[in-house]
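If you read the sequences in order, they're chains A and B. Be aware that the first sequence starts at 0, since it is given in numbering that gives the first Met the number 0, and climbs by one per residue. Be aware that the second sequence starts at 0, since it is given in numbering that gives the first Met the number 0, and climbs by one per residue.
The set of hints was computed from the structure by calculation and includes no laboratory data. Hints are not guaranteed to be accurate.
[Claimed, not checked] Straight-line distance between alpha carbons at most 30 Å, and here's what the computed DSS-like set of lysine-lysine pairs gives:
(1) A:Lys118 / A:Lys136
(2) B:Lys259 / A:Lys102
(3) A:Lys90 / B:Lys71
Note that the structure is predicted; figures quoted are calculated from it, not measured.
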Amino acid sequence: MSAAVITHSLIRRVLNAPVKWQLACCFQQERNVWKGIDKPKPGVPGTCYRRIVHYPEEYTVKPLKVTNLGGRDPVTGRLVVKGIGGGIKHKYHWINWKREGPKGLDEKPKEEKVLQVLKDGCRTAFIALVACGQELKYILATQNMKPGDVIRTSQAIPRIPVRANEGDAFPLGALPVGTQVHCVERYPGYGGTLVHAAGTFATIVRHDGTGRVVIKMPSKREFSLHNSCMATVGRLSNHLHGSTPIGSAQNNRLLGNRPRSGLWKRKEGRHGRKIRPLPPVKEFSINSKLTPASSVRLTLSV
Amino acid sequence: MRLSSSLWAQHLGRMIKRHWYIQGNRPIIQTATESYLKSQNIEIVEPEILLVQQLPERLKLNEPLIPLPLPKDKTHPNWKDKPCLSYRDHNVLLEGVEQAKVLTKTVEIVDGLPESVNNLITEHDERVEELVLRTVYNSTIYDAYQERLPKPKDPERPGFMFPRPYGISAIRKARNLSQKLLQLCESLSGPQVAFERNLIYNGVVSLPIEKDEKQLQFELRADMLVTSTSPLKPMASKGEGNDIQLPNLHPIDSTITLEKENIYTLRNFYPIMKNSQWMNVHTIFAHFNPREVKNIYETPVTESQILGRSLLKSFAVGAACARQRFGNEVLSLSEPVTVQCIQSDGKMFHFSVLQLNTLDLNGSGGERNIWWSAPNINLYEKAGYEGGIPTVQNYNPEVFRRIFAFYNNN
């Protein structure tokens, strides 16, 4: 703080009288007032502060407009994630995560036709445009999916496991052990949320007699799910994505990633891999869903 | 020794504020107080009711001079519970020709154009060919109008920005060509034919029609509508296509990608009065504007979808003309209505002829409409400046021969 500013602030305090340059001093002091702001922490699954998608009220196959966030929290505007920003702006293809079909055992599965397999800039796996009746929708494309394919969907669980083709969607309880699946629902009717990345698949490990099915995730973890959770059969498309190098630093910028911080050290082991046993089977059920405890913010003014 | 008191070594204000801020976020602990008070019949009041001060009422402004648009919900005066599936100029059918055939109950009896039209296609002498070529130069190269063209994009290098091109847009080329070639047809065929024809620009037709208990409405524009004093003669007998099966679209419905609307008005409209001398539809020129016509999912429009557009436009214009002639309730046409259609995007030309036998689209049996369609042909391969010299590469004289045959057909 300069001498002039100190003098003026002293005059103001002692004489309690307005001074000509008072405004500048006040402004500076106001700037230094500490204000509490709730800034989210990075690393929460499902939020990466990359983009906001402007969803309309009804489902549509029209590619949607997005607002890129560059790692900022849209509520406070503060930077949360450092490595995100720039890149090519892609429109978002809204994928219909819910595969719905007939529930009765005596009904024929719903048939849908694959029209196109498209590349989506916002995700790694390819997407497929699918039509049935008067409806159009996008789903994630499987490895061998091609235009003209007919895929089936049924929500019935027969006594004998079904023989499913790639792209078909059935409840986990209807599929035989060893089937490769993706787009698996965590809770029945909530839409497929597990296994979305290019080239990945989960495997059905065993059927527990109690109406639950255990699947092995791509991370080798085992999840126990309700047997009426829907899953799509097959491995996801673009399986070379994981083994394709980005190529150059510039290509990484085109993908919307900023340069790394340089803090990662291979030999120090702080960020490195630790060898630990796999956690036990995780059970997903609506009863075990945790609801965050409600809290209240106390303020001096009402 | 200092006389003044010692200052605080650290300014604690910020830390205290931070501490109060963090501790001010308290989780709500569920205690038994509420249930106990309830058991004692003591009324519980939410704290917000007592503590939060109500804001004073806001000022109400007058109604704006220009009334606000009506909300697009059930309170709209044109709201109807039964949705209408609309097809307009910017729309294309998902499955292209196949779907258009099912939608309009149309079959193809032979490949290519009908025999009577094929007979009219003759070679022109050199002077005429030269005039046509000059028209091509005029329309696609020498037109002095410049506008911003669509952004070029390279899928291999998505981050690369090309210089923005300026020039003649595709729709302008198509308009120029259709107008000038039609004028040439008029001049060449002489007054006895030209007096029988009339021309309407942007002839709008509206055709509400029912198919399998679904309400459809085609609201389409014939960019240039050539009409004639006498109707075109049927090119096949009425029942010729009745044995041919319609394409199978399973599991897709024939009305997919038509726009579903609940706010609509149904109206029959044909741009010419019934008592007009030139009320019979003869030929429609439809322009394909790639900036206007798009798939809802934004991938490029396919060739089959462009051909399907020809069929639907011919159907809508033909059916609107038939309703003007025979009344709005007509289903089976006593006298078939024939429409010729030329669709162009300034380079590609598609020629087709539709014979309307019936306007009854229900079911898949009964009478069929008959369609003839020739494969797309290009008027030229490339027209533009090559090293500063205006050039038209691989000019195809067949296009004008067909337009001339269509114009003279009666």
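| What are the numbers of the hints that this structure violates, sorted from low to high? | Result: no hint breaks.
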